[in-house]
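**Q** Two chains, two separate frames, one set of hints: put the complex together.
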Amino acid sequence: MKPPSEDHDLIRWIDGEMNDAERATFEARLKSDPMLAKEAEELRALSAGIQAHLPAEMKIPHADFFNSQIQVRIAQMDLDESRQKQAGNTSLADLFLSWIRQPWFATAGAVALAVLGFVWMRPHTQDTSHSLILSSYTPGLGVEASTYHDNEADATVLMLDGLEEVPSDRKISGISVHRSETEPEVASTTLFDATGSPLLVISRDDAGHPLFLTNTPRG
Amino acid sequence: MPSSAATDPGEVSDIDLVKRSQAGDTRAFDTLVTKYRGRIYAMTYHLIQNETEAWDLAQEAFIKAWRALPNFKQDAAFYTWLYRIAHNVTYDWLRKKKIQGDGEFDDERTEHRVAAGAEATPKGDAAPDTAMRNAELGQRIQEAISRLTPEHRQVIILREVEGLAYEEIAALVPCSLGTVMSRLFYARKKLQEQLKDVYETTL
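Protein chains in written order, with this note's numbering: chain A, 1 to 219; chain P, 1001 to 1203.
The hints are simulated quantities; they were obtained by calculation from the structure and are not laboratory data.
A portion of the hints provided could be inaccurate.
Ranges between beta-carbon positions, derived for each pair [what the hints assert, rightly or not]:
(1) Asp1075(P) <-> Gly142(A): 35 to 41 Å
(2) Arg1067(P) <-> His209(A): 23 to 29 Å
(3) Phe192(A) <-> Gln1142(P): 52 to 58 Å
(4) Val157(A) <-> Arg1067(P): 54 to 60 Å
(5) Leu158(A) <-> Ala1023(P): 19 to 25 Å
(6) Ala37(A) <-> Lys1019(P): 39 to 45 Å
(7) Thr1080(P) <-> Leu211(A): 36 to 42 Å
(8) Arg1067(P) <-> Lys38(A): 49 to 55 Å
(9) Gln51(A) <-> Thr1080(P): 17 to 23 Å
(10) Asp78(A) <-> Glu1053(P): 22 to 28 Å
(11) Thr1080(P) <-> Asp169(A): 52 to 58 Å
(12) Lys31(A) <-> Gly1178(P): 24 to 30 Å
Simulated crosslink set (DSSO-like; lysine-lysine; CA at most 30 Å straight-line) [claimed, not checked]:
(13) Lys38(A) <-> Lys1097(P)
(14) Lys85(A) <-> Lys1019(P)
(15) Lys1096(P) <-> Lys1019(P)
(16) Lys1098(P) <-> Lys59(A)
(17) Lys1073(P) <-> Lys1098(P)
(18) Lys59(A) <-> Lys1064(P)
(19) Lys31(A) <-> Lys1098(P)
Where is the CB? At the ideal position from N, CA and C, for every residue including glycine.
Okay, chain P solo, but in the shape it has when bound (with noise of 0.2 Å):
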């Protein structure tokens, strides 16, 4: 699970700052916001790809993180339960545009846009300066990644990103341990598809 980020000696420590926000301090509460908006902001950002949603939604966490605070026991650390509330809030959001009928995460408008974004970037298409590349690499990466459904998408980022263990993942999304790792390997076969003309290699 994600703990704190490390702390400068003369810095607050999270469990100061936390329980002065219990007690209402409001300035303290705007600390922790500094402190974790970074990290919050790219979670909801790479889950959405959508710069002002994002926004909105690490807003809202932060709002629910506030309200939920007296609640809180602090038997994990401060970060943890506020990423789930965060990894919650987006979800649940992710959800919510899925049932409005929304066609982005749609399997087959995947396949479609799979094959015409292959033909866009011919195999060995290389470009003149290695940064330039990357970040082209970057995006096409991003591209993919937000073609996957909710569910292959989630995954991906609380792995690749969060760096979280498979019990971890369970334990949040919630469901079994093989079903993450199926989630897994379908969610990296679909982006291996998309961007086979990467990361293929000949025998």
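Next up, chain A with everything else stripped away, as it sits in the complex (with noise of 0.2 Å):
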């Protein structure tokens, strides 16, 4: 059996690890050593050989369900931190309920209600209400959508890049659009009016694809 150095030094020529003067004195060795020449003739077939035929690069299967499911699983954890961070809340106002059954809080309570009222005094410029989009699908190659939420309209804005111009002379009637639902658990999305009444269910088949559920009055 050959001593490990032998082996390591077939293996650091057939990978090109070798400097200039390692690789001059193996080649040396190789014309000496007939046997030690055919195994490294061999090694270095299989290694081209091992290269040909195993492509860095792979077509995944169903490549746009792929993506689409690393979306919606984005979504769902971003779902379940903001449920998250709101157990800690609930957990937190339980704590604090706990607080005013102590016999100090009556005076702590009035120094803080001064300080909460001070802070209170100044205008909000956040809103915390948000919709959720799961994931976005346009069927058409060259129509991009994106979504984002208007605080001064307290809306969220679907924008469709790409679209193709609608003729002036073509009468646009519009839905309002009062709230929506989100199930991540099925991921769909429910659009409802100002009634309350679903206009429209946007979900995804098993392959993935996008399913539009409308409420259409029957003639």
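**A** See the structure below:
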């Protein structure tokens, strides 16, 4: 059996990991040792064969679904985090209520109220209400969808870039979306009007393609 | 270490996409996923040799990358960092599978399978069509690699597919340089044994 250093020299030569001096010495050995030369040649051919038949990049099956599932899972993680924060706030509220029963609370409360009153006088600049968009998909390759929450309008805005211009003689009527509900378990979003009736349900089918269910009046 | 893929002049750079992703822009992250999913999937597939599991593991790697993005300091290329995550996810999966007692990586079974494979493909059985012969050879190489132990398969993929230097493999695995060389040597010897009808030469 050969010592490990000899094996290491062999693969370092195959992989081009030798410096010039080491390579020259090893190649001189190969010339004087036909068995070693044969082994080196076979291993080098094997290495070339592996490199030729194992691609560094492959086409991933169901590529669009792969991406959309990642987006859904990211959205679910965000939702879980916000729920955990809410749960944490609930625990803090319970703790706060237990403090009320303490005898020193009245004095401390008066001081705290004075401070809080000052803080509350300042205008609120942040609105924590928001809609959660799990993912967006546009069948047209030239169209890109994006969303953002407009604090002033208190609405989630859906932007579609790349749509064809609407002819000027076309009459457009809209619907008023009052609120939305997201159910992450089934990855669906329902839009409601001012009366609480559902207008549109957005979801996905088993293949990850978008599904739109509308509340169309029957004629 | 693998670096990012070549970019078109009009293409948004990884640095920009990473910065936007770190700010919570999921569309920017989606672009990174699209850019690198083929390479990450190839790596997981070569290590796992199972399309469904490789698909899931590639996805898991991207999810972990998203969660770890706030800690990414950009002192390495994004793909190098992503590749490490994907490698760790896949190798953890392989280790768990081995611990669970799956005999797939049992060396004794490998010896038996080698003999069976050699009998099934006699030397000199040339296929008439070169493309078909190439496809058959590719299939045989894939099968031979799947019979290696996870440790041996790992170094072969890192070296032959990803083209990593020994030092980079040692840092990624992690192990000593000597271990990398020993594993590479024995992995190749096992592959050579399984594919000897293809790569054996006469003196």
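**Q** Compare the structure with each hint and give your call.
**A** For each hint, the structure was consulted:
no.	hint	verdict
1	Asp1075(P) <-> Gly142(A): 35 to 41 Å	holds, 38 Å
2	Arg1067(P) <-> His209(A): 23 to 29 Å	holds, 27 Å
3	Phe192(A) <-> Gln1142(P): 52 to 58 Å	holds, 53 Å
4	Val157(A) <-> Arg1067(P): 54 to 60 Å	violated, 28 Å
5	Leu158(A) <-> Ala1023(P): 19 to 25 Å	holds, 21 Å
6	Ala37(A) <-> Lys1019(P): 39 to 45 Å	violated, 53 Å
7	Thr1080(P) <-> Leu211(A): 36 to 42 Å	holds, 39 Å
8	Arg1067(P) <-> Lys38(A): 49 to 55 Å	holds, 51 Å
9	Gln51(A) <-> Thr1080(P): 17 to 23 Å	holds, 20 Å
10	Asp78(A) <-> Glu1053(P): 22 to 28 Å	holds, 27 Å
11	Thr1080(P) <-> Asp169(A): 52 to 58 Å	holds, 56 Å
12	Lys31(A) <-> Gly1178(P): 24 to 30 Å	holds, 27 Å
13	Lys38(A) <-> Lys1097(P)	violated, 37 Å
14	Lys85(A) <-> Lys1019(P)	holds, 25 Å
15	Lys1096(P) <-> Lys1019(P)	violated, 34 Å
16	Lys1098(P) <-> Lys59(A)	holds, 28 Å
17	Lys1073(P) <-> Lys1098(P)	violated, 34 Å
18	Lys59(A) <-> Lys1064(P)	holds, 21 Å
19	Lys31(A) <-> Lys1098(P)	violated, 43 Å
Checked against the numbered hints listed earlier, the structure breaks hints 4, 6, 13, 15, 17 and 19; every other hint is satisfied.
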